[in-house]
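S.K.: Sequences listed follow chains R and D, in order.
Anchor point for the first sequence: position 198 equals 440 in the working numbering, and the numbering is continuous, going up by one each time.
Anchor point for the second sequence: position 439 equals 1164 in the working numbering, and the numbering is continuous, going up by one each time.
Take the hints with a grain of salt, since some may be wrong.
[Said to hold, decoys possible] Beta-carbon label-pair distances, calculated as ranges:
#1 K249/R / D843/D: 19 to 25 Å
#2 G963/D / A289/R: 40 to 46 Å
#3 R306/R / G790/D: 56 to 62 Å
#4 D341/R / E1453/D: 18 to 24 Å
Since the hints were made in silico from the structure, they are not lab data.
All C-beta atoms in this analysis are idealised placements derived from N, C-alpha and C, irrespective of residue type, glycine included.
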Amino acid sequence: MIPAEFKYLFPSSVDEAVRMLAEEGEDAKIIAGGQSLVPVLRMRLAAPTALIDIGGLTELTGVRDDGDSLLIGAMTTHYEVQRDHLIQDHALLLRLVTDTVADPQVRHRGTFGGSLCHADPAGDLLAPALALDAVMIIAGPSGRREVPAAEFFVDYFETALGPDEILIDVRVPKYTGWGAHYEKLNRVAQAWSIVAVAAAVQVSGGSIAAARIGLTNVGSGPVRAVDVESALVGQPATAEAISAAALKASSGDSYKDNLARVLTGRALTAAVAG
Amino acid sequence: MTATAEPEIGKARLRKEDARLITGQTRWTDNLQLTGMLHMAVLRSPVAHARITNIDCSRATAMPGVAVVLTGEDFAAEQGSLPCAWPITEDMKSPPAPAMAVDQVNFAGEAVALVIADSAYRAADALAAIDVDYDELPVVLDMEEALQDNDLVHPDLGTNKCATWVFDSAEAGSGTNVEDEIASAEVVIERTFRQQRLIPAFMEPRSVVVDPHADMFTVWSATQIPHILRWMLAAVTGIAEHKIRVIAPDVGGGFGGKLQVTPEELLCLLVARRMGRPVKWTETRTESMLSAHHGRDQIQKITLSARRDGTVTGLKAELLADMGAYLRLVTPGVPILGAFMFNAIYKFAAYRFVCTNVFTNKVPTDAYRGAGRPEATFAIERMMDELAAELDMDPMKIREMNWIKHEEFPFNTVAGLTYDSGNYEAATARAMELFGYEELREEQARRRADGSAVQLGIGISTYTEMCGLAPSRVLGALRYAAGGWETASIRMLPTGKVEVITGTSPHGQGHETVWSQIVADRLGVPFEDVEVLHGDTATSHKGMDSYGSRSLTVGGTALVHAADKVLAKARTLAAHMMECDESDVEFAAGSFSVRGTSTVRTLGDVVLAAHVAHDLPDGMEPGMDADATFDPDNFSFPHGTHLCAAEVDTETGMVKIRLYVAVDDVGTVMNPLIVDGQVHGGLAQGIAQALFEEAIHDEMGTLTTATLADYLVPCAADLPGFITARTETPATSNPLGAKGVGEAGTIASTPAVVNAVLDAVRHMGVRDIEMPCSPERVWNALQGRAADASAPAAGGLGSIDSQGGQS
């Protein structure tokens, strides 16, 4: 299909990109991997006056070790996340979630940061970012600022990112040695989740020392299952304890509420086993 | 010329067309670039039912690159009405079907204005600048409500009822009276099934280019039916048929969705005539889903009568079929094609079929892979399972009791057809063996006893269908406007190479490969020496095109006859050349010889002699070309047994197909690789109806599944590995013994899957689940909750802008 006319800009640094955003005004849009934005443009659901393509900003790609945490460049593709050893060792949940994103073509183009900024509550990467206490590092006209995931996701397709700001890095604390699992229910492989549950669990001496659980597509943004997390801490890593805690994932009787409970139980069971 | 060593027929040849199709070396309609070409973009109604009170084109007309903006008013005098070739009854209501709405729109997606511009981009830009005022009318969506005639789709018709078509075995003399059978039955089962609306979703969007030059119009279109299209364009526009040339170049899929004379084809032609310049239109995916015809959409009320021993005595099918807003090429006839298939492979004493066609404010329906037959097969195969459950009998046992035995062929059915051949026992035995039926039943019992969260179900579909559309006299009797013959020509070139011209119009089937195999065998020429020409009315001047699994059984037979004509003439000339009596001439492996001698002339020698014509027998015309047209005496009847093992996760409602076995009897197989491909693709589409696909409209009549993110076409990752096998009972109605395979997988698989799903959860109190059996529907059924057909869920370009089919 055919998008409406737009101006195309290709900055060579983050600062230049920020300057371009300011110059082009509110109707300009950053394009990263384009896997969400391009379909929207093609269907003319959006018609930005300018696209600022940050695909040339190589400083935004790759994963770095930053002591107690990892720094994931916003332009790191899903494919790169899947194959990164630091992520494998210290943020296994992210790799497992990323494995389920769309299809191989999309994973080669789509970016970690782009998915977070698009903020589709059915998108896979929001729930683990929230569960793992990720912090967004944002560049704007007045410098850098940091926003925790819990404050970053505001509503459907809405983040704390200002119109003149760019997400450049995501800081993820290390979860070395934690078990993890992403339990996703979708109707066909390339469909969005009906509901999915991202779980990371730290087991020590047969009992659960800590748990991080995020739910995909049960609200206007990712949802942290704090009641389940707290119910698990100190419990033995048994099927009974997990089943009891998983019931706290949701209290309603809708289909999605049921899925939240069932899939939380399954995600935790697999995370503990893995 | 060298003879082929082993028979071509039966060989798993790679398709000769594939290299150009998959490497981008072919030329699709949208690839055509003509000098001075204009581009057409279509503005479509966002509302389902409204009067058009005003259209303001002034802003759009002034935009850069725009040549003209046209509305229905501009075409009112010349656009006529799009053709419906199948008036199923004498009193059928048929509303005018303008290519572009003039003063009223009747479905969301109907064309209301065109922009003609110097680029596709500028044409698309200008669409947004056209202002249309609509005065909305009540929207008619539900068939049962439509029949109350409170609000009318077409007020001038006075009713939403299009037609009622009846077959009754007592009246036809093919069986007893079904009401008597029901009244005296030991068991009566009544069920209502919904055949959801589907979208054909061919891969290549529709595209049209029209080039007017001098007084000729050349029309390229991504169509299944170039010959019918030419005829109909002439009939609708009044342009003389010999001044229209239609070319269907390589076409990327159709599934019946391109068996149509579309508004856009007609509009491109009219615009090209008006502007005197070439015009191109290529649709977007969403346009395709909003305006290309849909399929299925029936409500089936089925009554089955039986004895307690499992013998079925009668079947009554009462259907409502949604036409949508207009009757397209064969819209009203699609459900009627199913009328002959509800009795399937069984011997029922009585049968009655009543179908009421209904207008609604939705996209018109028309042929979609199987066209009427999948609906019929679904209904009867579901009913056989219901009867088995009611009588607590094994569902395969109950089928065996009722089916036609192999020694009973040819068999005259209660629906009035004659099945020429078949062996249901053999196909079933093979399928049961490949499936491991008994072991799976044991596992099922174990899981039920354990109360396992994941239950196992086994689904059966023992199907037949009618292919090879169609004997012309039958089509005439059914009031169809055309014949069902097919034609083929063979041109023997002086170097011994062969050109085949076929009236069929392949759009993915592999005709070039199989037609070459047939000719190579028949004439003893190498496979590589045959070129197959198709889809251009200038080279292939007549034909009835491709649909209804007809191409091989009808078109392939015409080709055999043409080859035999070539050989007959060649034999006469060979006898003349070898100075012997024709009765002493033998033909084998591409060479003629005189019986008992070493005298030989290859076919190439004879063709060259015919071409130079220096020494021909008296009265023989030069050349060795031949034409043949074949009109079948009967349909062909593929059959088979499909078995599906499905796991149902009772906690989430998710269905997973664990094992799928398809044993098909499609008669003699020309190319097993192509047959397997057809079966795999057919299974995917049939399973998609069972589990994934559904066109959903909101209460305003807006299609909410208008992208492939909302309309869930499965991919390879969503389907199991299929186990396919074949039995071969040759058709007796054509010399190839072929029965057709284009639709079999689609027809057979839908009930196999749904039967498996229900078999998994029937012991938990579930008796029916509407298609598609989505996880939410299955879960709701397990909770004893009513299915909510339109539960909004995540989809589209995110989770809030759509109420599509994601959950």
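S.K.: Taking each numbered hint in turn, which are not upheld by the structure, reported in ascending numerical order?
M.R.: Violated hints: 3 and 4; rest satisfied.
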